[in-house]
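Student: This is what each chain is made of:
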Amino acid sequence: MSDAGPDGRTGDEPLPEEPIRVMVVDDHPVWRDGIRNDLETSGVATVVAEASDGGEAIERARESMPEVILMDLQLPTVPGVEAIRAIVEESPHVKVVVLSASGEEVDVLEAVKVGATGYLLKGSTAAEIVNAVQRVRDGEPVFTPSLAGMVLSEFRRVAAPGPGVPGLTPRENEVLKLVAKGYTYREIAGKLFISVKTVQNHVQNILTKLQLRKRYELMRYAIQRGLDKAPE
Amino acid sequence: MATSSDERPSLPAQPGRRGLWLGILAYRWAALGWMVFLAIGAADEFRRPGVAWLVLGATGVWTLWLSVTPGWDRPLTRWLDLGGCIGLLLISGVVVREGYTVGDHPFFATAYPVCAALTWGAARGVGPGLAAGFALSVALTLSRPINGVSLADATGAQIEGVGNGVVYYIAAGGAMGLISRTLGRASDELRRSQEEVLRERERVARLSEHATMGRQIHDSVLQALAWVNKRGHELGAETSVPGREVLRLADMAAQQERELRALIQSEPEEPPKERASLRVALDADARAVGEVPVTVTALGPIWLPEHEIDEVTAAVRQALENVVQHARATHAVVFAEEGEQGLVVTVRDDGVGFVYEEDGLRSRGKFGLLQSMKGRIEDLGGRMTVRSAPGAGTEVEFLIPEQEPASDLAADEGRP
Numbered sequence: 001m002s003d004a005g006p007d008g009r010t011g012d013e014p015l016p017e018e019p020i021r022v023m024v025v026d027d028h029p030v031w032r033d034g035i036r037n038d039l040e041t042s043g044v045a046t047v048v049a050e051a052s053d054g055g056e057a058i059e060r061a062r063e064s065m066p067e068v069i070l071m072d073l074q075l076p077t078v079p080g081v082e083a084i085r086a087i088v089e090e091s092p093h094v095k096v097v098v099l100s101a102s103g104e105e106v107d108v109l110e111a112v113k114v115g116a117t118g119y120l121l122k123g124s125t126a127a128e129i130v131n132a133v134q135r136v137r138d139g140e141p142v143f144t145p146s147l148a149g150m151v152l153s154e155f156r157r158v159a160a161p162g163p164g165v166p167g168l169t170p171r172e173n174e175v176l177k178l179v180a181k182g183y184t185y186r187e188i189a190g191k192l193f194i195s196v197k198t199v200q201n202h203v204q205n206i207l208t209k210l211q212l213r214k215r216y217e218l219m220r221y222a223i224q225r226g227l228d229k230a231p232e
Numbered sequence: 233m234a235t236s237s238d239e240r241p242s243l244p245a246q247p248g249r250r251g252l253w254l255g256i257l258a259y260r261w262a263a264l265g266w267m268v269f270l271a272i273g274a275a276d277e278f279r280r281p282g283v284a285w286l287v288l289g290a291t292g293v294w295t296l297w298l299s300v301t302p303g304w305d306r307p308l309t310r311w312l313d314l315g316g317c318i319g320l321l322l323i324s325g326v327v328v329r330e331g332y333t334v335g336d337h338p339f340f341a342t343a344y345p346v347c348a349a350l351t352w353g354a355a356r357g358v359g360p361g362l363a364a365g366f367a368l369s370v371a372l373t374l375s376r377p378i379n380g381v382s383l384a385d386a387t388g389a390q391i392e393g394v395g396n397g398v399v400y401y402i403a404a405g406g407a408m409g410l411i412s413r414t415l416g417r418a419s420d421e422l423r424r425s426q427e428e429v430l431r432e433r434e435r436v437a438r439l440s441e442h443a444t445m446g447r448q449i450h451d452s453v454l455q456a457l458a459w460v461n462k463r464g465h466e467l468g469a470e471t472s473v474p475g476r477e478v479l480r481l482a483d484m485a486a487q488q489e490r491e492l493r494a495l496i497q498s499e500p501e502e503p504p505k506e507r508a509s510l511r512v513a514l515d516a517d518a519r520a521v522g523e524v525p526v527t528v529t530a531l532g533p534i535w536l537p538e539h540e541i542d543e544v545t546a547a548v549r550q551a552l553e554n555v556v557q558h559a560r561a562t563h564a565v566v567f568a569e570e571g572e573q574g575l576v577v578t579v580r581d582d583g584v585g586f587v588y589e590e591d592g593l594r595s596r597g598k599f600g601l602l603q604s605m606k607g608r609i610e611d612l613g614g615r616m617t618v619r620s621a622p623g624a625g626t627e628v629e630f631l632i633p634e635q636e637p638a639s640d641l642a643a644d645e646g647r648p
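Protein chains in written order, with the numbering used here: chain D, 1 to 232; chain S, 233 to 648.
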């Protein structure tokens with residue numbers, strides 16, 4: 001268990017031969033260099049692009065086609081959340097991991113709502129960062145205990161924002177709470193007598209529901225402001 | 233605030249509704265006076281004069297009581313009033329001589345019963361006002377057969393007389409309900425905007441406090457950065473750097489990082505009086521543990537009385553000390569939530585775990601800290617559960633059932 005998230009890997013699968021293509025987005029060169037170093041020394045990933053602001057991130061993502069993007073949220077020009085929204089919209093297969101120093105909950109939650117599939121604090125160790133990159137590339141959300149707590153709070157705060165917008169099932173709630181308490185996916189699977197894959201599916205469904213809620217909120221906001229009408 | 237629509241005696245009565253009530257009260261006295269005046273004039277028409285004067289006396293006493301009682305706004309008062317007015321209508325048919333109610337004679341109960349419809353309309357709105365008016369109408373209609381007048385044989389004029397009464401009662405209840413609803417909405421809006429202003433003021437005060445705190449922390453961060461900068465360059469110039477020196481710089485940076493993070497993550501809302509945020513207290517616990525990174529999650533704002541916070545955080549701190557001393561963990565999580573059973577705080581680590589067996593631990597003299605944690609939580613009426621196994625980390629769970637709230641209001645404010 002760590003703030004880098006539960007380790008759902010079984011450990012016996014062979015490492016991919018091709019290094020994972022990663023883009024690093026941060027306005028501090030020190031951090032970009034540090035992360036590049038962490039990733040490339042591991043041999044698991046290669047940094048195919050770097051960007052220092054949101055606008056650049058959107059462009060570079062288009063050109064260099066990374067598999068995983070490690071991204072700070074406090075960025076000049078286009079804010080991180082906006083950049084994630086744009087990138088995920090354009091290339092839905094790209095996995096975005098938020099790498100944030102602030103731990104500012106609202107921002108992180110927003111980033112996940114618009115499509116980020118992971119969240120790491122900048123204090124994470126090199127091993128945690130590499131592990132997270134591998135896991136999101138394999139389609140597994142990196143749900144740290146603190147992020148799980150934020151998502152739980154979000155679902156508690158507004159149980160169902162509107163008709164047809166699903167809340168969490170009791171099982172999803174249970175899984176999320178265990179993630180928030182720091183249990184790994186494998187430990188959760190053992191506790192609940194289900195497979196690791198099922199735990200991963202639950203976490204993925206929770207993320208999907210969170211994103212659905214976001215879309216519903218945006219739609220309601222648009223309707224309230226009359227923004228859904230075509231301009232004259 | 234209590235939201236049930238009827239049981240609101242604890243709320244201060246809205247000035248608008250109090251005004252309506254006083255108006256109705258004045259009307260009651262006028263109607264009572266008119267009743268007495270007419271009764272004196274028609275005393276020789278009474279079939280049961282004793283009952284008549286008894287009823288007048290009772291109505292007088294009831295009106296007097298309504299004029300002085302602080303419980304005027306209670307549902308029970310309204311129900312008694314409606315029952316009394318219905319009784320008054322029914323008894324009217326008994327006290328006057330048979331057939332008296334159909335002529336041009338003034339009615340014994342006069343206009344007094346309409347007060348019940350007005351009161352229900354004023355207190356509960358249109359629907360209940362109409363319903364009370366309807367109940368009175370039924371009683372009015374029944375008062376005719378009680379007086380020996382068969383409704384089947386009634387003339388058009390007689391039916392019209394009863395019909396007028398029915399319309400009068402129902403319209404009075406409904407109209408008063410409408411007035412009351414309008415007044416209620418206006419006063420609700422006024423209250424909302426007053427609350428909005430208050431909240432805004434509090435927010436401004438909080439922000440300025442936040443800004444002051446921010447300046448202090450920014451200052452300490454700048455100091456630390458300046459030191460890291462200076463010492464880093466000095467170390468960089470040396471040929472061999474002692475690891476201890478580098479570690480000291482890293483610790484200094486870590487401390488400032490935690491302080492800044494705490495500033496950002498502090499609770500957005502101010503807790504109510506004599507309560508404090510559990511999360512803020514737990515964050516302080518977590519910061520005090522330098523050796524193992526601790527993630528704190530609290531679902532929603534959890535506000536507890538300060539002594540409860542002290543005990544819970546002391547127990548959590550001991551649990552974290554245990555983690556540092558024995559668990560060999562890489563991370564720990566403190567998780568707090570308020571559920572149906574009460575407050576649950578969990579401290580979990582990913583360390584080596586152990587076999588939790590109280591007697592065994594006690595005999596080996598290793599139960600001291602656990603005993604102390606357990607005692608704190610049990611003093612709060614809660615219980616401690618330890619789940620651990622070698623190699624599987626440890627989870628300590630504190631369950632504290634919700635304390636009996638001092639009053640409903642406090643509970644509403646404290647646990648939104």
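By construction, these hints were calculated from the structure, which means they are not laboratory data.
Cβ atoms here follow ideal geometry from the backbone N, Cα and C, with glycine treated the same way.
Take the hints with a grain of salt, since some may be wrong.
[As the list claims (entries may be wrong)] Short, incomplete list of chain S residues facing chain D, as computed with Cβ under 7 Å:
{"hint": "1", "residue": "L322"}
{"hint": "2", "residue": "W459"}
{"hint": "3", "residue": "T529"}
{"hint": "4", "residue": "L531"}
Student: Holds or violated: is the Cβ of L322/S closer than 7 Å to a Cβ in chain D?
Tutor: At about 50 Å, which exceeds the 7 Å cut-off, the nearest Cβ of chain D leaves the hint on L322/S violated.
Student: Should the interface hint for L531/S be scored as holding, given a Cβ-Cβ cut-off of 7 Å against chain D?
Tutor: This hint holds: L531/S lies near chain D, its Cβ roughly 5 Å from the closest one there, short of 7 Å.
Student: Next item in the hint list is W459/S. Is there a CB on chain D closer than 7 Å to its CB?
Tutor: 18 Å, violated
Student: Does the nearest C-beta of chain D fall within a distance shorter than 7 Å of the C-beta of T529/S?
Tutor: 3 Å, holds
In summary, the structure is inconsistent with hints 1 and 2 from the numbered list given earlier, while agreeing with the others.
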